[in-house]
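Trainee: Listed here are the chains, written in short residue letters.
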Amino acid sequence: MHQRTRRALAGLVMGTLIAGTAACSASGGDAEGTGEAENVTITIMGKPAATNTAAVELFERQVAAFEEANPTITIEASDVPWDAKTFATRLAGGSAPTLLRVPLTEPPALIERGQVADITDVASELDSFDDLNPRVMQFLERDGAVYGIPEKSYAFGLVYNRTLFEEAGLDPDAPPQTWDEVREYAKQISDATGKTGFGEITTNNSGGWHLTGYDYTFGGRIIEQESDGTWVAAFNDDASRDVLELWKAMRWEDDSLGDNVLGKQEDLVAEFTAGNVGMWVSAPPDVYPNYVAAGGDPAAFGAGPMPQGGADATLAGATVLMVSAQATEAEKAAAVKWIDWRALRPNYDLEVAAETAKASAADGLPVGVPVAPIFSDEAYAAYRAAIEEYVNVPVENFAPYVESLTAFEYVPEPEVASQEIYAALDPLVQAILTDPNADIDALLDDAESRVNTILAQNAS
Amino acid sequence: MTIAPERLRGSAPEGRAAQAASPTPRRRRNHRGRNAALVGFLFLLPSLLVFGYFAWWPIAQSIVLAFQQTNLVDPAEWVGLRNFEILFADPLLGRAALNTLWFTVLSLAIGLPVPLLCAVLMSELRRGGTLARVLAYLPVVVPPVVAVLLWKVFFNPGESGVVNSLLALVGLGPFPWLQSPELAMPSLVIVATWSGAGTAILIYLAALTGVSTELYEAAELDGASVWQRVLHITLPQMRGIILVLLLLQIIGAIQVFTEPYVMTDGGPANATVTILLMIYRYAFLFGNYGVATALSVLLALVLVLVSALYLRLTRSWSSR
Numbered sequence: 001m002h003q004r005t006r007r008a009l010a011g012l013v014m015g016t017l018i019a020g021t022a023a024c025s026a027s028g029g030d031a032e033g034t035g036e037a038e039n040v041t042i043t044i045m046g047k048p049a050a051t052n053t054a055a056v057e058l059f060e061r062q063v064a065a066f067e068e069a070n071p072t073i074t075i076e077a078s079d080v081p082w083d084a085k086t087f088a089t090r091l092a093g094g095s096a097p098t099l100l101r102v103p104l105t106e107p108p109a110l111i112e113r114g115q116v117a118d119i120t121d122v123a124s125e126l127d128s129f130d131d132l133n134p135r136v137m138q139f140l141e142r143d144g145a146v147y148g149i150p151e152k153s154y155a156f157g158l159v160y161n162r163t164l165f166e167e168a169g170l171d172p173d174a175p176p177q178t179w180d181e182v183r184e185y186a187k188q189i190s191d192a193t194g195k196t197g198f199g200e201i202t203t204n205n206s207g208g209w210h211l212t213g214y215d216y217t218f219g220g221r222i223i224e225q226e227s228d229g230t231w232v233a234a235f236n237d238d239a240s241r242d243v244l245e246l247w248k249a250m251r252w253e254d255d256s257l258g259d260n261v262l263g264k265q266e267d268l269v270a271e272f273t274a275g276n277v278g279m280w281v282s283a284p285p286d287v288y289p290n291y292v293a294a295g296g297d298p299a300a301f302g303a304g305p306m307p308q309g310g311a312d313a314t315l316a317g318a319t320v321l322m323v324s325a326q327a328t329e330a331e332k333a334a335a336v337k338w339i340d341w342r343a344l345r346p347n348y349d350l351e352v353a354a355e356t357a358k359a360s361a362a363d364g365l366p367v368g369v370p371v372a373p374i375f376s377d378e379a380y381a382a383y384r385a386a387i388e389e390y391v392n393v394p395v396e397n398f399a400p401y402v403e404s405l406t407a408f409e410y411v412p413e414p415e416v417a418s419q420e421i422y423a424a425l426d427p428l429v430q431a432i433l434t435d436p437n438a439d440i441d442a443l444l445d446d447a448e449s450r451v452n453t454i455l456a457q458n459a460s
Numbered sequence: 001m002t003i004a005p006e007r008l009r010g011s012a013p014e015g016r017a018a019q020a021a022s023p024t025p026r027r028r029r030n031h032r033g034r035n036a037a038l039v040g041f042l043f044l045l046p047s048l049l050v051f052g053y054f055a056w057w058p059i060a061q062s063i064v065l066a067f068q069q070t071n072l073v074d075p076a077e078w079v080g081l082r083n084f085e086i087l088f089a090d091p092l093l094g095r096a097a098l099n100t101l102w103f104t105v106l107s108l109a110i111g112l113p114v115p116l117l118c119a120v121l122m123s124e125l126r127r128g129g130t131l132a133r134v135l136a137y138l139p140v141v142v143p144p145v146v147a148v149l150l151w152k153v154f155f156n157p158g159e160s161g162v163v164n165s166l167l168a169l170v171g172l173g174p175f176p177w178l179q180s181p182e183l184a185m186p187s188l189v190i191v192a193t194w195s196g197a198g199t200a201i202l203i204y205l206a207a208l209t210g211v212s213t214e215l216y217e218a219a220e221l222d223g224a225s226v227w228q229r230v231l232h233i234t235l236p237q238m239r240g241i242i243l244v245l246l247l248l249q250i251i252g253a254i255q256v257f258t259e260p261y262v263m264t265d266g267g268p269a270n271a272t273v274t275i276l277l278m279i280y281r282y283a284f285l286f287g288n289y290g291v292a293t294a295l296s297v298l299l300a301l302v303l304v305l306v307s308a309l310y311l312r313l314t315r316s317w318s319s320r
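Those sequence lines, one after another, are chains A and B. Just so you know, full-length UniProt numbering puts the end of the first sequence at 460, numbered straight through with nothing missing. Just so you know, full-length UniProt numbering puts the end of the second sequence at 320, numbered straight through with nothing missing.
Because the hints were derived from the structure by calculation, they are not lab data. Take the hints with a grain of salt, since some may be wrong.
As the list claims (entries may be wrong) - The calculated label-pair distances, taken between Cβ atoms and stated as ranges, are: (1) A:178 / B:153: 32 to 40 Å; (2) B:212 / A:95: 54 to 62 Å; (3) A:76 / B:124: 58 to 66 Å; (4) A:245 / B:167: 27 to 35 Å; (5) A:72 / B:77: 36 to 44 Å; (6) A:76 / B:46: 43 to 51 Å.
Cβ coordinates follow ideal geometry from the N, Cα and C atoms, glycine included.
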C-alpha cells in the first residue's frame with residue numbers, strides 16, 4: 001500500500017477513535033443576578049413520557065396554569081430522563097436543563113463538582129420547607145446550604161403478582177417476610193406455574209444496586225468510613241455471602257430465577273407486566289404507574305415488605321430536583337417556584353392536593369399510590385385524608401408494604417461513588433447467576449479490591 | 001465548453017508515447033504538473049481547513065486531555081501521567097484487552113470467510129443475483145441498535161427463544177447464549193458478522209467483476225473444477241482487496257462497541273467488556289474524561305502499530 005494511503009489510514013484510525021471522546025473547552029456561564037420582573041425561560045426535566053398521554057395532558061395543564069400565575073416565567077419541558085452519561089457534556093455545551101431531576105445517588109457528586117446551584121435563599125422561603133423529610137434532606141444540604149428538594153422518596157419492597165400467588169396456592173394477602181420464605185415461595189410459583197418465581201436484574205448497575213439493598217437486610221454495608229474520613233469497601237463479609245448463597249441456591253438448585261438473568265429494571269417491569277414473574281424487589285410505588293400504563297392488571301399487583309435476613313432494614317432513596325449551576329438568580333427563583341407548584345404543593349397544600357387528585361383521577365391516572373412520604377408523617381396523613389375520595393388504586397394491595405415502612409430502618413445508598421460501586425458489583429452478581437461453579441469468596445475478594453481502588457481514586 | 005477536434009485527437013496513448021521519446025516535453029509537463037498541483041491544492045484548501053478543524057484539532061486536544069483532569073465546567077488541570085497510572089491500576093483493563101482480542105480473533109475467523117464465500121457463491125448465480133445482493137445488504141440498512149435489540153430477542157435463553165426454537169428442530173439446545181460467559185462473545189460476533197457482512201459482500205462482488213473472464217475460460221478448457229477455479233484464479237486475483245478488508249476488519253473489530261453495550265452491557269461477569277466499552281464507562285458513567293481519553297490514545301497507538309505491522313507484512317507477501 002502507498003505511504004500516502006497508509007498515512008490517511010492512520011489518520012482515519014486516530015480520528016475515529018479519539019474524536020469520540022474529544023472534549024470541548026467549557027465556557028463559564030454568566031450567572032449574574034437580574035431583576036425580579038425580568039422575563040425568564042427555564043428548561044425543566046420531568047415531563048411524563050409521550051406514551052403516557054393522560055399524564056402528559058395533566059402535566060401540560062399544570063404548566064399552563066403555572067405560566068398564567070407567573071406571567072414572567074416560560075417553561076420549556078423535556079421528557080428526556082436524567083442520564084449521567086450525557087449530563088456533563090450538555091453542561092459544557094450550555095444545553096443542560098435549568099431544573100434537573102436526578103436520583104438521590106447523584107447529589108453528593110454534583111455538589112462536589114460545583115455543577116448545581118445553592119438555592120438556600122429561595123428554597124427556605126417555601127411554606128413547606130421545614131416539613132421536608134430530614135432523612136432525604138441530609139443528602140441535599142452541605143455546610144448549611146441547600147442544593148435540592150425531594151420530589152418523591154422510595155424504600156425497597158417486594159413487588160409480586162397476586163394472580164400467580166393464587167395459582168401456586170399461596171395467600172396473596174400474606175407475601176413472604178424473610179428471604180427463606182421468598183426462596184420457598186419462588187420455587188412453589190416456578191413449579192406450579194412454569195413462570196419465573198423470583199425475577200432478578202443485573203445490568204446497567206442494577207445488580208450492584210440490588211446486592212446493596214439485599215445486603216442491608218442481612219445487616220451488611222457496602223462501604224464504611226474510617227476514622228481518618230476515608231471510605232473503604234465493607235461488603236466482604238457474611239451478610240453479602242448470605243445474599244450470594246441465596247441467589248446461587250435459587251438459580252442453580254431451585255431453578256426459580258428463570259433463564260434470563262441479564263437484564264435491567266425496564267426489562268423486568270415488562271416481564272412482570274406480562275405476568276411472567278412472580279416476585280421481585282423494587283420500589284413498589286414507582287413501579288405501579290408504569291405497570292398500569294403498560295396495561296398491567298391493577299388487581300394483580302401486590303406490594304409486600306422488603307424481605308429480611310435479620311436486620312429489619314431497607315434501602316431507601318429518592319428522586320430529587322436540583323438547579324443547574326449555570327442558572328441566573330432569576331432562573332433559580334423561577335425553578336424553585338416551579339418545584340413548589342408541581343412537586344410540593346400537590347403533596348402539602350391540601351386544597352391543591354385535592355384538585356390535583358381530582359384531575360388525575362378524571363384522566364384515569366393512578367391516584368393514592370401509598371409512598372414513603374417526603375414530608376412529615378402528620379403532613380402525609382393530612383394529604384391522604386384530603387385526596388381520599390379520588391383514590392382509584394387498590395390501596396389494600398399495598399398494605400403489607402405500607403406496614404413495613406414504619407418498622408424498618410431506612411439505609412441510604414453508598415454515600416460516595418455509588419454508581420461506580422454498583423457498576424463494579426454488577427459482574428459479581430452476574431457471575432453468581434450465570435456460572436454454577438462461581439467461587440463466592442474469590443469473587444468477593446476481587447470486587448472488594450476493585451471497589452477500594454474506586455474509593456481511593458475518588459478520594460484523591 | 002467545447003473542445004477543439006485536434007485536442008480530442010491528441011489522445012492519451014499518443015501523449016505517453018511522446019513523453020517516452022523525448023525528455024523536453026517531460027520537463028514542460030513537470031512544470032505544468034506543479035501548477036496543476038498548486039491549483040489542486042487551492043481547491044483542496046477549504047476541505048483541508050474544515051477537516052483540520054473538525055478532525056485533527058479534536059485529535060490534538062484529545063491527546064492534551066489525556067494528561068489532564070476536567071469536569072468540563074472548571075478549567076482543566078494538568079495531572080501528568082496520573083490518568084495512565086489509574087488506567088494501569090484498573091484490573092479490568094487486562095480483561096477488556098483480552099476480550100477485545102478474543103472478539104477480533106473470532107470475528108476474523110467467522111467474519112472474514114463468510115462474506116467472501118457468499119460473494120463467490122453469489123457471483124456464480126445464473127439468476128436471482130440482484131435479489132441475493134439486496135438480501136445480503138439488507139442487514140446493513142437496519143439501524144444498528146434496532147438490529148442488536150432484535151438479536152437480543154432471538155437469543156432469548158429459554159426454549160421459546162427464536163434461535164433455540166430453530167435448534168430444537170434438529171435436537172439441539174436450549175443454549176444460554178448471552179447468559180453464559182463462554183457463549184456471550186461468540187454470540188456477539190455472530191450479530192456483528194450478520195450486520196457487517198453485506199458491505200463486505202458488495203465490495204467482494206465488485207472486485208470479482210474485475211477478474212478476467214479469459215482466465216476462467218482457459219481454466220474451464222483445461223478441465224478445472226469450480227473449487228480449483230476459486231482457489232487458483234479468484235482468490236489470487238482478489239488478494240489485494242482481501243488484504244485491505246482484513247485490515248479494516250481488524251480495526252473495526254478492535255473498536256467493537258454497539259453489540260456489547262446494547263446486548264450485554266459487558267456481562268455476564270465481564271465476559272464481554274471491551275476496550276471501547278471501558279472508554280465509554282470512564283467518560284460517560286464515571287465522568288472521568290481524562291482517563292477515558294488516555295485509554296483512547298493508547299488504543300489509537302495500538303491500532304496504528306497494528307496497521308503498520310500488518311501493512312509491512314502484507315507488502316512482503318504481496319511482493320512474493
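Trainee: Hint by hint, say whether it matches the structure.
Mentor: These are the hints, each one checked on the structure:
For the pair residue 178 of chain A and residue 153 of chain B, the beta carbons lie near 36 Å from each other, so the given range of 32 to 40 Å is met. One distance hint, 54 to 62 Å for the beta-carbon pair residue 212 of chain B and residue 95 of chain A, holds here, with the actual separation near 57 Å. The supplied range of 58 to 66 Å is met by residue 76 of chain A and residue 124 of chain B, whose beta-carbon atoms lie about 60 Å from each other. A hinted range of 27 to 35 Å for the beta carbons of residue 245 of chain A and residue 167 of chain B is consistent with their spacing of about 33 Å.
For the hinted restraint 36 to 44 Å between residue 72 of chain A and residue 77 of chain B, the CB-CB distance of approximately 40 Å keeps it satisfied. A C-beta distance of roughly 37 Å is found between residue 76 of chain A and residue 46 of chain B, which places it outside the suggested range of 43 to 51 Å.
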